[in-house]
Every structure is written in C-alpha cells, then in structure tokens.
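Enquirer: Here are the chains, one letter per residue:
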Amino acid sequence: MSFPFSAIVGQDEMKLALLIAAVDPRIGGVMVFGDRGTGKSTAVRSLAALLPHVPAEQAGYQDGSPCKGSVPVPFVDLPLGATEDRVVGALDLERALGAGIKAFEPGLLARANGGFLYVDEVNLLEDHIVDLLLDVAASGENVVERDGLSVRHPARFVLIGSGNPEEGELRPQLLDRFGLSVEVRTPQDLGQRVEILKRCDMFEREPVAFAAKWHRAERKTVKRIAAGRAVVASVTLSDAILALASRLCLNVAADGLRGELTLMRSARALAALEGVCEVDAGHIARVAPLALRHRLRRDVLDETGSTARIERALEELAA
Amino acid sequence: MIASSDATPNALADAILAARLCAIDPRLCGLVLRGDPDARNAVIAALQAGLPADVAVRRVPLHVDDERLLGGIDLTETLARGEAVSRIGLLAEADGGMLVLPMADRLSDATAARIAAVIDTGEVVIERDGIALRAGTRFVTVVLDDGIEPEEGPPAALVERMAFWIDLEGVRSPGLGQDPGYPVLAPEDDRMLEQVGCEAAETPELLEVVVRTAAVLGIDSIRPVLFALRAARASAKLARRCAIADADLTLAARLVLAPRATRMPAPADETPSEPPPPSQRDDGEEDSAVTAPIEDIVLAAALAALPKNVLARIAAGRSRRGRNINARGGGERRKSSVRGRPMGARAGVPGGGQRLALIDTLRAAAPWQTVRKCGPGRVAIRRDDLRVRRFETRAEAVTIFAVDASGSSALARLAEAKGAVELLLAEAYVKRAQVALVAFRGSTAEIVLPPTRSLARARRSLADLPGGGGTPLAAGLNAARDLAEAARARGRTPFVVILTDGRANIAADGSAVRNRAQTDATSAAKAVGAAGIPAAFIDISARSRPEGAALAAAMGARYLPLPRADATAVHAAISQARKA
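Protein sequence lines correspond, in order, to chains X and V. Position 32, counted from 1, in the first sequence is what the numbering used here calls 37; the numbers after and before it change by one each time, with no gaps. Position 214, counted from 1, in the second sequence is what the numbering used here calls 463; the numbers after and before it change by one each time, with no gaps.
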C-alpha cells in the first residue's frame, strides 16, 4: 500500500508535474531531481493509486487479440538490476525448455504500455537500459529482434525518473528527452515538517485507517484527472498565447523545438485539469519552469539557476 | 532509567543500546558502525540477541552479483526439471533477520542502490533472466565502515537510510561491563507494549520537539526526524514504559540526530522560541505550551553527543559520512562478464557473476539430442553445452590535474587550470569521465577536488582555491600519483595532467632546501613513470627551461611547453595528448 498522494505535504510543483503527465501522457515524461529524504519516490509511487481506468485495448501487452472491458492504468516500477531481456521481453524460458516452443514473453515495456514506467535513481541505471527506454518512449513501439524472435508491439508509456544530482548528473541528451523536470527540496517550514512527521508516522502505524481518512480526497483527484483527460483535446490555445510561448523560449534560449511543444502541451493539460477551456498566460507562467528548466544551455560559470532565468524572462515578457 | 544520558556518552554502550532499539523496531533500518572490529562484533551479537532466535543472518560480500543479492534463476534446478525455477537472493533470505555489509566503504553504488530500494519498499522485485519475482522482506542492516580517509565511506544512499551512525574508534575492552543492563523483552510482553507511544500522534508538542531539534542542528532530510521518533518509541518500549518519556527523546536526539548535525546551533538564548504555527493543526487544539523546557533538554543531549570534529567538518562543508564524491552513475567499472553491452557468448559454466546464455546453450545442445536419446519434450543438456554471456564495459577515465598554485603568478595560472577543469567536466557528462584536482603550494599538496563528475561540486570546490607560497612539486606529484593509483584500484583509467613551471623549491618533507626539492621532485616523477600512469606535463613558465622537460621525461609524460596557457589551449592539448 502506498502513501496517499493527497496526504503529501507541500511539494506542489512535483504534484503538479505528475498530474499534468497523468492528464496528457504525450508530455514526454517527468524527471524528479532532489536530495535524499525529500519524498521523491513516495510521491511518484502514490500516483499509481490515482490513475483512472482505461479501455483494456489501450493498456498492457497487445498481441493483436481483442480484449474488452477496462483496466487500471498500468504503473510499472522498474527495479534496479533489471536485465535487458526482462525489460524488452524475450523468449519464454519455461516453454522453450519444457516444450521446445518458441514463444515471446512480454517484458516490462509491454506491461507499462498505456501507463507509467517509473525508474528510481535513474542516474544509477545502466546506460544501455536507459538508451533503450528513451528510444521506446519516443517511438511508442517496442521492436524485439533477439533469441530468434521477431516481435513488435505498442509500448506507449510515460517515463518518470527520479534521482539525486549529488550521485552523478544525467547526460544532457537524456535530460532533454524528459518533458518536465522538477527540483524537489525538503520543506523548511517547521509547521510543515511537523505535519509530515505526523502523517508519515500515522501512515506507518495504521496504514489502512490513514488511507481511509484520505480516501475522499484521493477520489476527488482521480475524478479531476479523468475529467482533464476527457477535455484536454478540446482546450484551445489562442495565437497570442502561442506567440507568448515562442517568445519565452527564444528569450531564455531553450534548445530545440521540444521545449515549445512541451510548454504548450503542458499548459493545455493544466487548463484541462482546472476545467478551463482556454489556455491563458497564467497557465504558461506556471508550467514554464517545469517545461524549460532542463533545456537551457548550461553556462558553467553562470551561477544563476535555470528557474531564476525563466522567471526573469517571464517578468520581462509581462512588462 | 536511562542513566547513561547523564553520564559521559560511552560509544559502545550507545551502540549496543542502538542495536537493541533496532531489534525492537526493524524500521529503524540499522546501524553504521565504524572502528574497532571486536567492539563491532559485540554490537552485532547484541543485535542478534535482541532478534528472535533462529533468524537469518546474511553477510553480503563485496563481489556479490545481482543474482545472489536479489535472486534469479536457479540453473541446476531449471535444467534438472525442465522448467524455470527461481531462487531468492540474500536480501529476501534475510527477511526478519539481519544483513551485515562488511567493508561497506568499498561497496559499489550500484549494489548500495539495490539494497536501498529494497529497504524503502520492503520487498525485493526481480525482473531478470526471464524471471519475475516478488518477495517481501524487512531486515536490520549493519553497515561496517572501514574507511580511513574522511573521503572514504559507505555509499551515501545507504548511510542515509540507517538510523544510527556510531563511531567505535578508540573503544577498549569491549563486551565486558559495558552492558547498561537493559531488560531483554520477552515475547509475551509484546502485546502489552504494542500500545506504547500510541498517543504520540495526539501530542504535537512531542513531534515539534523532534522537528525543532533537527532544524536547530541543520538536518535537512526528513528521514532522521522519523528515525528519531521511532527510536524514542523503541526506547520507551525497551524501558517498559507505555508512553514516550523525556529520557527517550533525549536518547533519540543523542543517537540519531547528533551524528547528522551539519551546523552548531545558535547560542541558547537565541534558540527559536516563536510559537509553532497553529494553522497546520488538523485537530485544532489550543496551543498553550510555548517552548517546553524538554526541548532544551533534548537539544542539550544532542549537543553533548556532537562529534568533537564537528566544527572542522562543518567548515570543510562536508557531512560526516557518505560518499558522494565517487559518483559513478551507471558506468560500470567491473571488467568481468557481468553487465554492459552484450557481446555474444562463449563456452563456460555459469556462476561467479557469469550468466547463462540460454539460447546459445540450447543451440549448442540441439544437434546431439537424437544421440542423447532424451524423452519427448525434454532437452538433454550437458556441461559442455553451457554458454555464458559476454559483455563489453567501458572503463571510466579519471583525469587528475596537479596544479602548481605557488608564487605570484599563481593566481592567473590557477584560473586557467580551473577553466580547463570546467571544460573537461562539461565534456565528462557525455563521456562519463571524471576529473580531480590537486593543488600544491606552500609546503604541502592538497586534494582540492576528489574525483567527481558533479558540476555543482566541482564549481564549489574550484571557486575558492587559494594561491601563493613555495613550490612543493614532489608533494604535488606524490598526491597525484596516490589519487591515480586509488582510481586504478577502483578499476578506472587515470590520466595525470601536471601544470607547473618545474621549479621545485620545497622538498617532500616540507623543508625549503632547493637542491633536495629538485631531487625529490625527480624521484617523485620517476615514481609516476614507474607506476605506468599516463601523464601530460604542461610547462607554464614564461620561458621554458630544461628542468620541465627532464621531469616530463622522468615521468614518461608528454611534454607541452605552454608559456601562456589558457583554458582552451590546455583543454586542446590534453585532448590531443590522450589520443596520442
């Protein structure tokens, strides 16, 4: 049983990023950076309980056979030490040995299809697995050509990574593939810290009672996500807003077009989450740090944080 | 009851007490022990005595592979039965018991991260070699830290997750007369004591004391605060109390919070005493107690237990334990056929980290099936058929800069070297290389930047690198060689870059005798050459002189006279030298 999402104290930015990714999976994943003991993985894992159901033909391994009904959105936690064959899928060992049948055993990518794939300590994951994840996440399809098998199946998932920058930074080309990036800090406010302690303690001792206490809040969030998913496609962006987004990206010198695309998609998802049918400048301002902070060209001698640079650019545009 | 909190803190008694607390509440996760082996064994024995009889105790050797650590396919059984048989690993076997990590300072970050993930989630999840397995497990971990240098230490990810950090350095005559005489809990007491601390959630003051003490000591993470609360509760249980008493809180502050302090608190009269914000309360009870005196007592207990060198450490800006600097990311240093990019298979027996290449094995066995006359649906596989996987791993490169920070022109030179380090660091992101920086000036050499790939750390360390004084070239070369050899011992490829004018005037022992200084420098240079460490010698003097070239020759290094080296030129020269 995971800690209820709604019971997490503070960490508004992280919660916002996760909700946006839940509303529009095309955002391209969320990367959560933070020091130890800031509740990164707690928040991400708690998201699993919040996801509304989806039609069965959109989730999990699809080998072409029809399926009916609805299933919960898959949430797959990629364990460290997972081997490539279990990630992409491989020959079914049991059937190969027992009956000599060549059959495909779907891997974690197949299981995550239509849902979320979470990698804790993403900077400790082996390079070739990270490359593989990014490749599949970008193409939405898993192509297996190994062990004499030739299989392809849909693998559309939202990649969520978390890590501690002290333990080694991510390669920039990898960072850029994540749609949103969040920096987490421990709350410094005494009251908040007491509240965290109180809730963690209560959850630890009486998890069932604690979950029941937060059940209504959780239901409300699930409904919000479901409603957001339903309307996100119809949220409109006016030309003025598009121009604002482009100017912002130019002003902060964000590399590539991916930043602009993510900025617009996440602003739209935020509007949908709030039940508004048109994106306004406020939405852009709120998602801009999330969508752009990891795409700014890094100046080794500039001490100014990326977030500060984005905020400054936003202020200039507003003036 | 807890008399020892008033007496002078005794490290061994504390450690044994901490072990008992862990045995009472395994969610305290465990202890980091440093120092005397006998004392550590006494603590482990105390922990084992506190746990139920016959529980599993597992030691994790340094060279453990994922298959044994986490679990995986049981090859013998699989082949014998003709169906996939999985086997749980050490972490799952240790369920309910104890996990001992000897020489944890040498533990790889990758292994530490796997153990940390299992501690966090309370279950082992395996997705490997065609096996998907889940097994719940909760154990007490004992991390044995044998690091000598302050830079060495167990991986931070693991240390952070242990409630107690105890230094047993200098503890004598362990195990005798040190026992504080706490009662050992009988199982039948458990039910009565289940209720201990149940009202803790209803007394926010208690939580506030813990949170506030942590804040005063500059503890940022939320985990220690939770640990402190758990420790206090376990302590109450150990003393057969039904509620957390002041003594329990002081004990928790001393054992859990004090070792993690990152700053000295402000003088007592400035301790923050504003009333806690009432807005955060759910129950809306009135907030009468402003600053309970217990808070001062708890803080005092923590302060008394602060390690003596805390100020020095705080000044040096590093926490007591935890190895952040050796960030290795996913780049593997093991040369064995464990992981990396697959490279095909070869004949061999799996085990010792070598993994079965199933398909190749089956393929090798296939032609013989008719001869071996096995029943239908079964495959006869013999030892000779077995194939193991081979992987290609990339050895990590470490570039070590030894920079002459002496004399008046040092400041400019230093700035150039700093620039080159930053340029290389930016490159290191992509190539997964690391850089380190040694500066020598005055009478000694100093490791300014231990091997790192973190730009944040590098920038911080580089920012205030001082210059001036004599030229202890021999000391600088020796320090660079030590670093290079340490890097090599960890399986990385070192490359040393020396930036100096080659005019040594301080001998290896720190005395200012020019002749001896020069001889010492030459022999230090020869030692680098003899160790076979690839190096580049960048002569930054305004007019190059033969000393530099001679030293470079002694080191077997490439000699690059660069009268006016700037960051870009140094960077270009190094890139070229490495390729050569």
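If you're looking for bench data, these hints aren't it; they were derived computationally from the structure. Don't take each hint at face value.
Unchecked claim - Residues from chain V that keep clear of chain X, each with C-beta distances beyond 12 Å, as calculated:
1) Asp-314
2) Ala-333
3) Arg-410
4) Arg-482
5) Arg-604
Said to hold, decoys possible - Derived coverage of chain V by chain X (criterion: at least 3 residues anywhere in the stretch with Cβ under 8 Å from a Cβ of chain X; other residues may be distant):
6) 275-281
7) 456-462
Claimed, not checked - Far from chain X, by Cβ distances over 10 Å, these chain V residues were calculated:
8) Arg-377
9) Ala-381
10) Ala-405
11) Ala-406
12) Leu-417
13) Pro-453
14) Ser-470
15) Pro-473
16) Val-598
17) Arg-621
Note that the coordinates shown come from a computational prediction; the quantities given were computed from them, not determined experimentally. Glycine included, every Cβ here is placed at the ideal spot set by N, Cα and C.
Enquirer: Decide, hint by hint, whether the structure agrees.
Expert: Structure-based check of all given hints:
1. Asp-314: Not fine: 10 Å to the nearest Cβ puts Asp-314 (chain V) too close to chain X.
2. Ala-333: Its Cβ does come within 12 Å of chain X, the nearest being 4 Å, so this is violated.
3. Arg-410: 8 Å, violated
4. Arg-482: 9 Å, violated
5. Arg-604: Violated, since 8 Å does not exceed 12 Å.
6. 275-281: violated (count 1)
7. 456-462: holds (count 5)
8. Arg-377: The claim is violated: Arg-377 (chain V) sits with its nearest Cβ about 4 Å from chain X, within 10 Å.
9. Ala-381: The claim is violated: Ala-381 (chain V) sits with its nearest Cβ about 7 Å from chain X, within 10 Å.
10. Ala-405: About 7 Å separates Ala-405 (chain V) from the closest Cβ of chain X, which leaves it inside 10 Å; violated.
11. Ala-406: Its Cβ does come within 10 Å of chain X, the nearest being 7 Å, so this is violated.
12. Leu-417: 25 Å, holds
13. Pro-453: At roughly 6 Å from the nearest Cβ of chain X, Pro-453 (chain V) sits no farther out than 10 Å, so the non-interface label is violated.
14. Ser-470: 3 Å, violated
15. Pro-473: The claim is violated: Pro-473 (chain V) sits with its nearest Cβ about 8 Å from chain X, within 10 Å.
16. Val-598: 18 Å, holds
17. Arg-621: 14 Å, holds
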